[in-house]
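*Asks:* Kindly produce the complete structure, drawing on both the sequences and the hints.
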Amino acid sequence: MKYLFLLLISFASINCSISQVDGLDIGDTAPDFSLKNIDGDMISMANYPDAKGYIIVFTCNHCPFAVMYEDRLNDLYNKYNEAGYVLIAINPNDPEVKPDDSFENMIIRAKEKGFAFPYLMDEGQQVYPKYGATKTPHVFLLDTERTVTYIGAIDDNARDASGVEAKFLEDAIASLEKGEPADPATTKAIGCSIKTK
Amino acid sequence: MRNITYTIGMLFLFLGSSLLAQDITLTDVNVANTFDEMEGLLSPEDDKIHVINFWSTWCKPCVAELPYFEQLHDLVDTEKVCVHLVSLDFEKDIEKKYIPFLNANPSRADQWLLLDGKYNDWIDKVDPSWSGAIPVTLFIQGDKKHFHDGDFHSAKEILDIIHKL
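Chains as they are written, first to last, in numbering that gives the first Met the number 0: chain U, 0 to 196; chain P, 0 to 164.
Hints were generated in silico from the structure; no laboratory data involved.
Beta carbons: idealized from backbone N, C-alpha and C, even for Gly.
Incorrect hints may have been included.
[Said to hold, decoys possible] With a Cα cut of at most 20 Å, we get these calculated PhoX-like pairs of lysine-lysine: (1) P:K117 - U:K166; (2) P:K79 - P:K47; (3) U:K97 - P:K59.
[As the list claims (entries may be wrong)] Covered, in the sense of this in silico footprint (three residues per stretch, anywhere, with C-beta under 8 Å from a C-beta of chain P), are these stretches of chain U: (4) 147-155; (5) 183-196.
*Replies:* Set out below in structure tokens:
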């Protein structure tokens, strides 16, 4: 009886720790979405049946860290699109809280920066919580089956692209190419909190 | 007449420079170029309550909650509670944004500027549950620790955590 009690306690604590973890972990299957792109089209990962993988970047217009990575997103697109990796940027912020991140301003910013990849609005903010994105920028690398292989930062130097020592995302893509797990599979960086009401 | 003008001019110059001398400069801030330089802050050896807030001038919710940390000084015994504001502003913004902000918003808090951009190497040392979004606030007293993820909406919210610590 005593053991049963202990067992129950340990189950309770396990449940507790699981319930605290929101969003995706490495190895989970990422949910598809259908979100409006800046050109008005609805975009899903299912639109790209031949993709070798997906680079999902939660980003926005207003956040200084997101802005510092805009050119690097273009570079990533240019480097990996041909190779079959689909880069999709998603703005998770509520534009009523942050007008800089409105759909109209996304169109303007994408034009200014020449984004060739989809830049989607998480309208109603339903997608970012399923992924467990907490900030911008926040990257999720998925394989062809939409299994999460990497979560975190693009690289280790937000402020200065020329000072980057570890290209976390590119290293994770290289690991994916080799069929190996990413190392590190998760990283952290300072970013702007996702804006909600 | 010329002498008077000169004297008045010198007087203004003197007053001006003495006023300038009261301005906050980078020398009034604890600058940590690497995280280890501020790691002592996270393991205080006294029995005071240390409230350590991570913020930046570019972070709107961070700036919005700073007045509550300032008000906190009037609500607690400042001999027992210390507020440390750790800015994550960029080096390029120090003179343009950070120092002017400190001058425009006088504060009794202990000011820190953490310039270590290798975020992945130190975020977990603040708290493993921290994703990297700011603001966050760490409450430490001896071995007791409470990590608050997100912003505060009143000084009372901060005070409540201090009382529960």
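*Asks:* It remains to establish, for every hint, whether it holds in the given structure.
*Replies:* Checked hints:
At most 20 Å may separate the alpha-carbon atoms for a hinted pair to count; K117 (chain P) and K166 (chain U) meet this at roughly 12 Å. The suggested pairing of K79 (chain P) with K47 (chain P) holds, with an alpha-carbon distance near 5 Å, which does not exceed 20 Å. The suggested pairing of K97 (chain U) with K59 (chain P) holds, with an alpha-carbon distance near 10 Å, which does not exceed 20 Å. Coverage of the stretch 147-155 of chain U by chain P holds in this model, with 3 residues showing a Cβ closer than 8 Å to a Cβ of that chain against a need of three.
Residues of the stretch 183-196 of chain U with a Cβ under 8 Å from some Cβ of chain P number 9, which satisfies the need for three, so the listed coverage holds.
Of the numbered hints stated above, none is contradicted by the structure.
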